[in-house]
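Trainee: Sequence:
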Amino acid sequence: MADKKDKIFSFVVVGGGIAGVTCVEQLLSQIPSADVALITAGPFVKAVTNYKQVSKTLEEFDVKERPSSFLEEKFPSLTVIHSAVKSLHTRSHTLKTADGHVYGYEKLCICSGGRPKLLTHDNPNVLGIRDTDSAQEFQKRLAKAKRIVVVGNGGIALELVYEVEGCEVVWAVKDKAIGNSFFDAGAAQFLIPALGTNKPERAVPCKRSRYTTEEPAPWGTQVFTADGKAQRHSCGPTEAGSALGPDWHEGLVLQGAEQVTIVTGLLSVCHKSTRLGWKFSSNHSFVFSIILL
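Residue 68 is where the sequence shown starts when you use our numbering, and the numbers rise one by one after that.
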């Protein structure tokens, strides 16, 4: 990259989520004098608090969304840059942000989040649930759906299968038991009957704080949250919504077009798709309204 560098950092961390903030905290706790930059598109960052190791596979912690200024106050050698990364040049160890600045680095850590691995990209009924924007899009589609297929065995899939009402739910997993990342097969077998039972009323509404930004930066970046109040007022690129966290389904009406909910038994992961349906490795075929990954 021939552009003149605005500044060269020892470490550059891209992403203001839990991974990015934790990376910054670990770096500066080990090397307090290191010149570190955190590049994040929004004014808020996510931090882990009250961490506890409950068991070998279970951890308990709280996620708090805070202004990025708290990190700069905590670590004097940290520079927080509010922009999105536009391009990256690994040979010259430089990156360019959406506002036109160029920064050099010695070491780079990309913590910008993952993308769902969709089974197909040419079907409008295939949705990947990753952030609050995609969750809201799912809510719109679900209102007219009679049958949905949920592919996956992670935390979001577990919550979806339990929370969705008013349609038939087909759950496809590649594992022998549900939730194998969280509990063993015996516990999974114990929990399966709960999928078809009536849900108890929620005792306490969610009071977790949610943040929006009033005005986007001049280059068009914006932070979107599940309350749907944030707006984009400029012509720049739209950033992805904030990642799903605790209570992500609070405030979303996950109701299908039917009066009853039917949870179909677990099926092996699907391996062949058609335009109107999906065929599974167990030779079951379904016509679906939505398939979620």
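FYI, nobody ran anything at the bench for these hints, they're computed from the structure. Honestly, I wouldn't trust all of these hints.
Derived pair list, reagent style DSS-like, types lysine-lysine, alpha-carbon separation capped at 25 Å [claimed, not checked]:
id: 1; residue 1: K184; residue 2: K207
id: 2; residue 1: K141; residue 2: K123
id: 3; residue 1: K74; residue 2: K131
id: 4; residue 1: K153; residue 2: K113
id: 5; residue 1: K174; residue 2: K213
Trainee: Next, verify each hint and record whether it holds.
Mentor: Outcome of the hint check:
1. K184 <-> K207: Holds - the C-alpha atoms of K207 and K184 are around 22 Å apart, at most 25 Å.
2. K141 <-> K123: 31 Å, violated
3. K74 <-> K131: 30 Å, violated
4. K153 <-> K113: Distance of about 22 Å is within 25 Å: holds.
5. K174 <-> K213: 50 Å, violated
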